[in-house]
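S.K.: Given the coordinates of chain A, assemble chain B onto it according to the supplied hints.
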Amino acid sequence: MRFCCLAIVVILSSCSSDIVLKSESQQDTGSAFETKYSIIFVIHGDGDYLYHDTSGNNYNADEETLKNAKKVAMENPNAEVFIFHQKSSKHFMFFFPLKDGEFFYYRNGQLIANELYWRDQEKSNFDNEVRYYQSFHSVNQNKFINMFLYFGHQIPEFGGVGYDESYPDRKFTIDNLAIGLKDLTIDSSKFDLTILGTCFGGTPYTIRKLGSFSQTIIASPENLHLSYFDLSSLERLNINLKNEDVPSFAKRFAQQSFNKLTKNVQTEVSVVVYDVEKVQNFLNSVQNDYNITLDSLKGMTEANLLKIKHCDCSDIPVHKISTINNGVDVFYRPARFGRSKNKQNHSGWECWKY
Amino acid sequence: MKTIIAFLSVLVMFVLVIPANAGGKGELQKHFSNIANKVKATENVAEKRAILENSFKDMSEALDKVQSSFLVSKEDQDGIENLKVTLKENQDELAGINGYERVPDSQLNNFSSYVVQNMEQADETITISVVALVLIILLVILLL
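Here the protein sequences line up with chains A and B, keeping their order.
For the first sequence, the numbering used here gives the first residue as 41, with consecutive numbering after it.
For the second sequence, the numbering used here gives the first residue as 2, with consecutive numbering after it.
Isolated chain A, as found in the complex (with noise of 0.2 Å):
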């Protein structure tokens, strides 16, 4: 008997334990592999992200994404990279509690630390990714560029109830992406370029929010496919972002992704480059019609709202207005097949067809 518990607190353990690899100082050494790039994956795996390619091979979305962002990390020794991988709650015979996230921290392409964590067990604000990026963040005297990637299904504008499958009655908002975004920006004003992987991330709510955390945002206005991004741009930073211009970085990443995308999806395409300075005008503009109808959106049923569905914001006269295309760089494709598979362009703005 007394054998059993032990050994059932051993297997505990070993399974929910935090596994450190490598403890450093915060301080950069100022070496040849001097850190300039910060960049920070989130990547929610806490859901349906199984996808197939055309051979009818399948993967998980955020799996995939989980190996491509650790690709990234290997790939760059002027570069901390942190990576947080939300992901489902598990039980270990039925009972024990698992933790549901896993974070790795690399520098200099080296991995230094991979520890399982606890993710926010009631509002969804990124605390605990927060602390370990406080805890873990270089001190470097010379400004970083920083980055931030988001990877997951539609963040909701409102709502948000189920967007966790294994917590129904937690909330994730554009709102608390927001939040989360503020604390890790404590110690620079901004992002230099954010990067939103999910379905209708450009709309004019979204774009606003997060831009007050960002200076350039990729985002996709219609349904992303869940190969998501190509990530591979991101590699060797010291090369391919050498003369540190992030905007015309940012064009280059969304001209590749879309052209993967275009070659192996059949689905709509489109990817945006958002100039957050230059997009203002345009927001402002748009900021009190689209409030309203997010208010009215609000108290409709969950049965109605599945019957509203989004849009091309040009398709709505009301903001269809001079400044829509101030700003914005669009890489769009119509689907193949169904009702849009002739529409040619796209504002880069999507709205609700309200």
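Hints listed in this document are in silico derivations from the structure and should not be mistaken for laboratory results.
Treat the hints with care, since some could be wrong.
[Said to hold, decoys possible] Listed next, the stretches of chain A that the computed footprint assigns to chain B, with coverage defined by at least 3 CB atoms under 8 Å from CB atoms of chain B:
(1) 209-219
(2) 368-382
[Stated by the list, open to error] Residues on chain A that point at chain B, a partial pick, calculated with CB under 7 Å:
(3) Asp88
(4) Tyr91
(5) Thr94
Computed from a prediction, not measured in an experiment: that's the story for all the values here.
Don't be surprised by glycine CBs; every beta carbon is placed ideally from N, CA and C.
M.R.: Frame of chain A, contents of chain B only:
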């Protein structure tokens, strides 16, 4: 009565076997992916078209049956209704009716991929419960 008990037992076993994170939706996606593989595996255009037509027909029947079942909630019924609309549009496009251009013979492989990808990113299936999704899959298997 025995049939109902046997059916419910199979349903319970199915629900227990399917991992929670697959949520039943994975099985639905797998079904459409298998259909696409069958379409791509044959050279015969008429056969490709027939595989797609029959799969849409079987799925529609399954959706109708589950939607009218006492086992599903009002939310599930609404979710299924949305799925039916998507499926009907695919059917119409394949046949070239209700304002759609008929999918050309040369595009049937790509169309089968489109159906899979469209289903994978369709938000309406997310609102359907595991039980309802499992019922749909069970009925599709029985109809095949």
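S.K.: A separate judgement is required for each hint: does it hold in the structure or not?
M.R.: Right, here's what the structure says about each hint:
{"no.": "1", "hint": "209-219", "result": "violated (count 0)"}
{"no.": "2", "hint": "368-382", "result": "holds (count 5)"}
{"no.": "3", "hint": "Asp88", "result": "holds (5 Å)"}
{"no.": "4", "hint": "Tyr91", "result": "holds (5 Å)"}
{"no.": "5", "hint": "Thr94", "result": "holds (5 Å)"}
Comparing the model with each numbered hint stated earlier shows that hint 1 is the single one that does not hold.
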